[in-house]
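Student: Sequence:
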Amino acid sequence: MKRVAGNQRLVRETNQKLIIDAFRQRGMISRAELAKLLNLSAPSVSSNIDQLLRAGMLREVGEGDSIGGRRPILLKFNYRYRFIGVVDLSSDVVRVVLGDLQGNIVAFREIVLPELKIGGPILEDIIRSLHVLLKDNNVHPDKLKAIVVGLPAVINDETGRLLLAPQFQGWDGINIKDKLEKNFNARVIVKNDVNMAALGECRYGAGKRYNNMVYVGVETGIGAGIIIDGKLYEGSRNAAGEIGHFISSYDEGGCRVDQFGPLESRLAVPAIIKRIKDGIAKGCRSKALELAGGNIQGINLGIVRKAAMMGDGYVLNIIHDSARMLGWVIANINVVLDVDLVIIGGRVIELGQHFIRPLRQTIDRLSPLSISVVYASLGSKAVVYGGFALGLDYVFNHILDDI
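Residue numbering for the sequence shown follows the numbering used here, beginning at 20 and increasing consecutively.
Since the hints were made in silico from the structure, they are not lab data. This one's a predicted model, so the numbers in the text were calculated from it and none came from an experiment. The beta-carbon is built from N, C-alpha and C at its ideal position, and this holds for glycine as well. Errors might be hidden in some of the hints.
Here are the simulated SDA-like cross-link-like pairs (lysine to any residue), alpha carbons at most 25 Å apart as the crow flies [as the list claims (entries may be wrong)]:
| hint | residue 1 | residue 2 |
| --- | --- | --- |
| 1 | LYS227 | GLN372 |
| 2 | LYS162 | LYS227 |
| 3 | LYS95 | ALA126 |
| 4 | LYS201 | TYR413 |
| 5 | LYS227 | TYR394 |
| 6 | LYS95 | ILE48 |
| 7 | LYS162 | ARG128 |
| 8 | LYS293 | TYR394 |
| 9 | LYS296 | PRO281 |
| 10 | LYS162 | ASP197 |
| 11 | LYS201 | ASP412 |
| 12 | LYS306 | ALA290 |
Just the calculated beta-carbon pair ranges, DEER-fashion [to be verified]:
| hint | residue 1 | residue 2 | range |
| --- | --- | --- | --- |
| 13 | LEU59 | PRO133 | 44 to 50 Å |
| 14 | SER396 | ILE422 | 32 to 38 Å |
| 15 | PRO91 | ASP359 | 42 to 48 Å |
| 16 | ASP40 | SER396 | 23 to 29 Å |
| 17 | THR33 | PRO133 | 47 to 53 Å |
| 18 | THR33 | ASP161 | 22 to 28 Å |
| 19 | ASP420 | ASP176 | 33 to 39 Å |
Please work from the sequences and hints to get the whole structure.
Tutor: Listed below in C-alpha cells is the structure:
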C-alpha cells in the first residue's frame with residue numbers, strides 16, 4: 020500500500036509541475052485546453068487544478084471564447100503566490116529588492132554603505148530593509164521563500180562564509196547565510212556578484228541567445244562570470260573568474276587573498292581614475308581638472324567621461340590603454356574557453372565607445388578566435404536579475420513543498 024501511495028504522490032506532483040509549467044509558458048488557459056495540451060484526462064486536470072486553486076497558486080480570471088455550450092473558465096498562475104528577496108552588495112549602495120515569481124521588481128530599498136564596510140551593522144540594515152519591504156507591500160514573511168545575496172567575494176556555498184573579499188573588512192566570523200535564515204523562513208543563497216550578473220545577462224539580457232559566454236565586470240574590482248553550456252561555471256572552490264588576480268607579466272608577483280589582485284590594481288575603475296589624478300598632479304594637462312573646479316580629488320568617473328567626450332587627449336590615452344590591457348586579458352581567456360560572447364558590465368560602461376572600441380580592436384588583433392564583445396544591457400540591475408534567476412530556480416523546484 021505504501022508503494023502505491025508513493026507512486027500516486029509522484030504522479031500527482033509530476034502532473035502538477037507540468038500544469039504549472041504550462042501556465043508559465045502560455046499565460047491564461049482553460050482546463051479543457053490544458054488537458055489537450057498535456058495529453059491528460061479531464062478528471063486528472065480538474066483534480067490537480069482544484070488543489071492548486073485551494074493553495075492559492077492558480078487564479079480564475081474570467082471566461083474564454085466558446086464554440087458552443089458554456090464558456091470555459093480561464094485560469095492563470097498567481098505570480099504573487101510566493102516572493103524572492105535579492106540583496107546586491109556589488110557597489111557602495113546596497114540594493115535590497117523584493118520580487119515576484121515572474122521576476123518583476125515589486126519594491127526596493129537602497130542603503131548607502133559607509134567607507135568601512137563592517138559586516139554586522141550592514142547585515143542588520145539589510146534585515147530591517149527586507150522586513151520593511153514585506154510590511155509595506157502586505158506580504159506575509161512566510162511568503163518569502165528565497166533570499167539571494169550577491170557580493171564581490173569568493174563564498175563557501177555550504178557555510179556561507181566569505182573566503183576572498185578584499186572590499187569588505189570586519190566580516191570574519193560573520194555567516195551571512197545563517198544570519199538571514201535565523202530571521203526569515205527562507206532559503207538563503209549567497210553568490211559572487213559577478214557570477215550573478217553573468218546569470219542575469221544570460222537569462223534576461225544581452226546573453227539570452229548564447230550558451231557559452233563570459234561576463235566581465237569592471238567596478239571597484241574586476242571579475243568574470245563564466246557560462247558554459249548555459250550553466251554557471253564556478254570552479255572547485257567557487258573561485259573561477261577571479262581575473263583581478265590575473266598576472267599580466269612574468270615579474271609580477273601574486274598577492275594575499277585579502278588584497279586586490281595585480282590586474283584590478285591597474286584596471287578597476289578607481290585605478291583608472293587614480294592614474295588620471297596622479298598624472299595631473301605631476302603636471303599633465305587635462306580638461307578633467309577644469310571640470311572638477313581645480314580640485315584634483317574631485318575628479319570622478321563622471322568627470323572622466325565628460326573629459327573624454329570633449330576629446331581630452333590625456334584622459335583618452337589612459338582610457339584606451341586600460342581598454343587595450345583588458346582586451347589582452349580577454350583574448351587570452353577566449354583561447355582557453357572558446358566562448359561566443361563577452362559582455363562588459365560595471366561602471367566602466369559609462370565610458371561608452373571610448374572604452375569598448377579599443378577593447379574590441381585589441382581582441383580582434385590578438386585573438387585567433389572570433390568573438391562578439393558588447394556592453395551589458397541590464398546595466399546596474401544585472402546582479403538583481405541574476406538573483407531572480409537563482410531564486411526562481413529554487414522556488415519552482417520546491418513549489419509543491421507547501422501543499
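Student: Take the hints in turn and mark each one as holding or not.
Tutor: Results of checking the hints against the structure:
1. LYS227 with GLN372: 23 Å, holds
2. LYS162 with LYS227: Status violated; Cα separation ~29 Å.
3. LYS95 with ALA126: 23 Å, holds
4. LYS201 with TYR413: 19 Å, holds
5. LYS227 with TYR394: OK: LYS227 and TYR394 at ~14 Å, within 25 Å.
6. LYS95 with ILE48: The hint holds at about 7 Å.
7. LYS162 with ARG128: 19 Å, holds
8. LYS293 with TYR394: Holds, because 23 Å separates the two Cα atoms, which is no more than 25 Å.
9. LYS296 with PRO281: 20 Å, holds
10. LYS162 with ASP197: Holds, because 19 Å separates the two Cα atoms, which is no more than 25 Å.
11. LYS201 with ASP412: Holds - the C-alpha atoms of ASP412 and LYS201 are around 22 Å apart, at most 25 Å.
12. LYS306 with ALA290: 19 Å, holds
13. LEU59 with PRO133: 44 to 50 Å: At roughly 57 Å between Cβ atoms, PRO133 and LEU59 fall outside 44 to 50 Å, so the hint is violated.
14. SER396 with ILE422: 32 to 38 Å: Given a distance of about 37 Å, which is inside 32 to 38 Å, the answer is holds.
15. PRO91 with ASP359: 42 to 48 Å: 44 Å, holds
16. ASP40 with SER396: 23 to 29 Å: For ASP40 and SER396 the Cβ distance comes to about 27 Å; the hint holds.
17. THR33 with PRO133: 47 to 53 Å: 51 Å, holds
18. THR33 with ASP161: 22 to 28 Å: About 26 Å separates the Cβ atoms of THR33 and ASP161, which means 22 to 28 Å holds.
19. ASP420 with ASP176: 33 to 39 Å: Violated, at about 21 Å.
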